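Just so you know, the sequences run in chain order A and B.
Everything in the first sequence is counted per my numbering, starting at 179 for the first residue and increasing by one.
Everything in the second sequence is counted per my numbering, starting at 8 for the first residue and increasing by one.
Hints in this document: simulated from the structure, not taken from any laboratory.
All figures in this text were calculated on a predicted structure; none of them were measured in a lab.
Check each hint, because a few of them may be wrong.
To be verified - Straight-line distance between alpha carbons at most 20 Å, and here's what the computed EDC-like set of lysine to aspartate or glutamate pairs gives:
hint : chain 1 : residue 1 : chain 2 : residue 2
1    : B       : K167      : A       : D455
2    : A       : K322      : B       : D76
3    : A       : K199      : A       : D455
Claimed, not checked - Examples of chain A residues lying across from chain B (beta carbon under 10 Å, computed):
hint : residue
4    : I240
5    : L342
6    : G345
7    : I348
8    : M379
9    : I383
10   : K395
11   : L405
12   : K421
13   : W429
14   : M439
All residues carry an ideal CB built from backbone N, CA and C; glycine is no exception.
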Amino acid sequence: MTRAFTKSIWIQAFSRMAKSKLTITALVVVIGYSLIALLAHWGILANDWQLEIGNSYEAPNIHHWFGTDIFGRSVFAKIVKSTEVAMNVGFVVSIIAITIGVVLGAIGGYFGGVVDELIVWIYSTLAAIPNIMLLISLTFILGKGILAIYIALGMTNWVEICRLIRGEVIRQKDREYVQAATAIGASSFSKLALHILPNVMHIVIIQFSAIFQSAIKSEVILSYLGLGIQNGPSWGVMINDAKVELMQGAWWQLIFSTMAMFLIVLAFNILSDALRDALDPKLRGK
Amino acid sequence: MNLYNYIFRRLLYVIPIVMGVSLLIFVIFNVVAGDPTAILLGKHASLKQMAELRHELGLDRSWLMQYLDILKSAFTFNFGRSWSTKQLIAPMIGTAAGVSFTLVIPAFIVTSILSISIALIAAFYRGRLVDRSLVVVSVIMMSISGLTYILLGQWLFAYKLGWFEIAGYEYGFPHFIPYIVLPGIILVILSIGYEVRFYRTVILDEMYQDYVRTARAKGLPEWMVLFKHILKNAMVSIITNLIIQLPALLLGTLLVESFFGIPGLGGITMHAINNSDFPIIKAMTIISTVFYIIFNLITDVLYTLVDPRIRLS
């Protein structure tokens, strides 16, 4: 009975979302980017992005749709390879941040007491340092590169979801269904994992979408600053190259990397809004 | 609970946060970052030189003393000297802050007035074409990389059209004005999408309250409901949002300032990043955190002054 009921709520939510063509388009864009990223990862797409395929700074033409860069490399291949980097960062960072946030938020909210105070202290401390300074400091000491990006962005992005999960777990833990679980002798772990967590899942889904796009944007800025991706393709590195190129009239690296990033960030923004509307009970009916 | 009691308790709450932040900064810069003497002196430094430099930088002292130094610097703003320019950091930051304010404060005021006005228009026409178009434009503006606005803005308006200075800065009023117009406009564009959406949500949240229905029921015209009742109540969230943004203004200009060669806080931070100038990055982290904590405190206290319900919990 409970299970059927839970399911129908999710189905209701997603059928509400599916009614909007815009949401479906956004979802298709996200899936498309993920596919491109996977194909690039497996070496099927843009594996030879470092190859010199034309002259330096060829404007977009029939052979090179997105033009070439200073070394005569295909801008299209670089965009594809950067997509892999961006999606990779978005995914890994979301997973890290959500894992930390959900685990700590659930433990703090459920058990309360000293543990909770410690967790609140940790995230309040992190939240008190402006994100950009924390990111810069962390990437600085961790050395530059993809691993530093994962850790720095993972560390700065879990606070919000932890706060939300903690608050929701506090609200949920005294509800009847949890009391019922206690009555039949469920352990704390099974109450948290089996009973409460499914009821706070909507926060995780909404946050996943939000963290994903924020991580993509941060990666671009860090790479632009020279603190992120080294010697590899990244939209941020391409935009940094474009700084000089623009004055020489070579606009294509800037425009195409901007477009590539714009599309995925826009899709995630639309998706986040749709998820919030569909899943957040407070907004239902507005 | 009375108000002074609340403020006192709120002040006490700052202590563990200050401890936590200083500890984190200590771990990042003094423990993990390791020995900077090799970077500073280059490969061919003798051990004696390195030891001397370590002593000069205070790195030969115990970790406890180094930690206390960080804690102390949060209050005295004594951060030592820059590695790259050898200048004292505190006056450097002071001058830079002055420069930043000439750019950031006008941009902040314009952004706030514009975004609140647009949000009111959107709320007034909620659900209709005007509202939906405004939301769409906001989301699109939010989705474009900030870097692109800066690059294209500078290229088009300063380089191609020559309407503004491409880069640079002159100290003193009114000499700086030509240099801050374009960066200022770009700052407004960078944040207006977020702000409009935020204020629109705040205003719409109020719109479904009972008192609004009462106001409409007694026959007040919609614009009067919006300005007299809704805006007044939404003011709490609006003002909170305005104050909470102030410390972020210190750093919000990081990229804009470096692009336009403006020697403000963002500019010197970028310079420090490019030159591995740890003390400046550390000082900027500490200062921005101090401001963040102070403004958070002010917001919380103001909030309770305006909304007595909060004091009860």
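Here's how the hints hold up against the structure:
For the suggested pair K167(B) and D455(A), the alpha carbons sit about 44 Å apart, so the restraint of at most 20 Å is broken. Distance check on the hinted pair: K322(A) and D76(B) sit about 28 Å apart at the alpha-carbon level, beyond 20 Å; violated. Of the supplied pair hints, the one linking K199(A) and D455(A) holds, its CA atoms being roughly 15 Å apart against a limit of 20 Å. Evaluation of the I240(A) hint against chain B yields a violated restraint, the C-beta minimum of about 26 Å exceeding 10 Å.
Given the 10 Å rule on beta carbons, the hint for L342(A) is violated: about 16 Å separates it from the nearest Cβ of chain B. A least Cβ separation of about 13 Å between G345(A) and chain B goes past the 10 Å threshold, and the interface hint is therefore violated. For I348(A), the shortest C-beta to C-beta distance to chain B is roughly 13 Å, which exceeds 10 Å, and the interface hint is violated. Hint on M379(A) is violated. Least Cβ distance to chain B is approximately 23 Å, over the 10 Å limit.
For I383(A), the suggested interface contact is broken, since its CB lies about 19 Å from the closest CB of chain B, more than 10 Å. Because the smallest distance between the Cβ of K395(A) and any Cβ of chain B comes to about 7 Å, under 10 Å, the interface hint for this residue holds. A distance limit of 10 Å between C-beta atoms decides the matter here; for L405(A) the minimum to chain B is near 7 Å, and the interface restraint holds. Because the closest C-beta pair between K421(A) and chain B is about 6 Å apart, less than 10 Å, the hint holds.
The interface hint given for W429(A) is met, as the beta carbon of that residue sits about 9 Å from the closest beta carbon of chain B, less than 10 Å. The interface hint given for M439(A) is met, as the beta carbon of that residue sits about 5 Å from the closest beta carbon of chain B, less than 10 Å.
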